[in-house]
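Visitor: If you want the building blocks of each chain, they are given just below.
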Amino acid sequence: MSLVRKIFAASLALCMLVGTAAASEIFDPQTKTWVRYDPSRAIRYYQAHGGVPADFRRQVVNFRTAEKPGTIIIDGNRHFLYFVLPGFQAIRYGIGVGREGFGWAGIVNVGRKVEWPTWTPPAEMVARDPKAAKYAGGMPGGPDNPLGARALYLFEGNLDTIYRIHGTTEPWSIGLDISSGCIRMNNDDVIDLYNRVEVGAKVIVLMQGAALYRGV
Amino acid sequence: MLLRCLAAGALSAALCTPALSATIVVGQPDWPSAQVTAHIIADVLQERLGVEVRLRPVGTIELMGGIDRGEIDVHPEVWLPNGEEIVREYRDVRHSLTLSPISVAAEQHVCTTRETSEATGLKALKDLSKPEIAAAFDTDSDGLGEIWIGARTWSSTRIERVRAKSYGYDATMMLLTMPEDQALASVDAAVATGAPIVFYCYTPHYIYALHDIVTLEEPAYDPNAWKIVTAEQDPAWLSLSKAETAWEPSRYHVGYATSLKQDQPKVAAFLDRIKITEEDAVAMSYAVHVDGRSPEEIAATWVKDNGDRIEEWVK
Numbered sequence: 001m002s003l004v005r006k007i008f009a010a011s012l013a014l015c016m017l018v019g020t021a022a023a024s025e026i027f028d029p030q031t032k033t034w035v036r037y038d039p040s041r042a043i044r045y046y047q048a049h050g051g052v053p054a055d056f057r058r059q060v061v062n063f064r065t066a067e068k069p070g071t072i073i074i075d076g077n078r079h080f081l082y083f084v085l086p087g088f089q090a091i092r093y094g095i096g097v098g099r100e101g102f103g104w105a106g107i108v109n110v111g112r113k114v115e116w117p118t119w120t121p122p123a124e125m126v127a128r129d130p131k132a133a134k135y136a137g138g139m140p141g142g143p144d145n146p147l148g149a150r151a152l153y154l155f156e157g158n159l160d161t162i163y164r165i166h167g168t169t170e171p172w173s174i175g176l177d178i179s180s181g182c183i184r185m186n187n188d189d190v191i192d193l194y195n196r197v198e199v200g201a202k203v204i205v206l207m208q209g210a211a212l213y214r215g216v
Numbered sequence: 217m218l219l220r221c222l223a224a225g226a227l228s229a230a231l232c233t234p235a236l237s238a239t240i241v242v243g244q245p246d247w248p249s250a251q252v253t254a255h256i257i258a259d260v261l262q263e264r265l266g267v268e269v270r271l272r273p274v275g276t277i278e279l280m281g282g283i284d285r286g287e288i289d290v291h292p293e294v295w296l297p298n299g300e301e302i303v304r305e306y307r308d309v310r311h312s313l314t315l316s317p318i319s320v321a322a323e324q325h326v327c328t329t330r331e332t333s334e335a336t337g338l339k340a341l342k343d344l345s346k347p348e349i350a351a352a353f354d355t356d357s358d359g360l361g362e363i364w365i366g367a368r369t370w371s372s373t374r375i376e377r378v379r380a381k382s383y384g385y386d387a388t389m390m391l392l393t394m395p396e397d398q399a400l401a402s403v404d405a406a407v408a409t410g411a412p413i414v415f416y417c418y419t420p421h422y423i424y425a426l427h428d429i430v431t432l433e434e435p436a437y438d439p440n441a442w443k444i445v446t447a448e449q450d451p452a453w454l455s456l457s458k459a460e461t462a463w464e465p466s467r468y469h470v471g472y473a474t475s476l477k478q479d480q481p482k483v484a485a486f487l488d489r490i491k492i493t494e495e496d497a498v499a500m501s502y503a504v505h506v507d508g509r510s511p512e513e514i515a516a517t518w519v520k521d522n523g524d525r526i527e528e529w530v531k
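From first to last, the protein sequence lines stand for chains A and B.
Counting in the working numbering, the first sequence runs from 1 upward without gaps.
Counting in the working numbering, the second sequence runs from 217 upward without gaps.
In case anyone wonders, no lab produced these hints; they're calculated from the structure.
Far from chain B, some chain A residues (derived; all Cβ distances over 12 angstroms):
1. R44
2. G111
3. E124
Which stretches of chain B does chain A cover? Using the computed rule of at least three CB atoms under 8 angstroms from a CB of chain A, they are:
4. 350 to 359
5. 388 to 395
6. 400 to 409
7. 503 to 513
A few chain B residues that face chain A, going by a derived Cβ cut-off under 10 angstroms, partial list only:
8. W364
9. I413
10. L426
11. H427
Quantities reported herein were computed from a predicted structural model and do not represent experimental measurements.
Note that CB positions come from ideal geometry on N, CA and C, so glycine has one too.
Build out the structure end to end from the sequences listed, making use of the hints.
Guide: Here you go:
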């Protein structure tokens, strides 16, 4: 298998939807401390409230930065994605990030934007899982597609990095480190971001938290 | 320079082509004030002295090597003492590099935000060697805190590695190297969430205007506590080096190929007279990063607004 094909296969594997999740933290406004936020708590919270904790909901925040409006800054540690606005503000979205598959950080750009992207399971998954096998040729975009409503393909220069910002079918997983890679957002949020961001926009993935986990 | 390029063979001759036609190659390192100054130099050389100029983006250590090899003519900001050993070799032994007699005062430290200092008790650089303090900066749960020590290509970054070893926080902190904009976006994100952050910092720089920054305390500079061996001198440079106090008050100069004194005396005289102030450098840094203007455009405006000063430099 050529290196490129290996990378391609790896990229598909990274974007798989199912996996174990590790604990992260959310800010508790009552105690003003960061408290543990794990998958079981996340699912219970989602069922009880019909959404993720307030921290991870889309909101405009103060954000003093030297980066230009239109830039995306991804804080994998706090599970936030910032879309920089003028006047030292940003739109902050909650994200889910990979645990074992997220061992990267850097400065990339939005190379391509796709609505309702096709998801193609990797060959290993097709061989192992009959449910995946039926999508060996690619699962069309739609509500059950693990890439969700939109995908932003992250490029380094003109080359696809294999990483994507995409939607999800598991909205409760926002705010967690999920063992598959990529950067996942609720479908409403990824549609909102998709409509704002331009192809070519600078994307800074901070070198901290899940970005430092060794994996892949 | 002409002879050296011809002797270098077909491959490097291609690189040297501009020098054959007396083009001045101005190196452009990747920090903001150096980028703007490179454009100002290029602009004045072209418009006032009628010299062909090419800008070449290049890391600072490679840039000095390029001057020594005759591939690059000008370095907009040679930082001292960071590049001391390399400068000594090229300037004093090989006589390939000349530094302008004029310098800009600079400082280098390790910084944190005021909020971090108040929340964690981090006041002095040596505090980072305490595991309980370092733990506040551990975002990936590997038992080590994280600190940005500079970009991979900077001459200061190796020395920050030596400082980490000398102060002992190489055992408690993961030393991260990455581009400056990525590192400073981490500072922005930390400020936005009140998260602790610690990082290499230098003046002149816009970051002091953007955030409430605290410099970590250190013993005053003592030359006896510093010994820097470069990687070029010895592969065991890290274990042979020490830097147990604050940085020596720093400065930077325009550097250029000594051969210009003979080949292009007017150019050399201009480079010797350039005087960029600390205020200029802060304004350049802020304009590049916070105002989001291009170094080329900032330089063009600066040249237009500072005609009198430039007149002094080129007369």
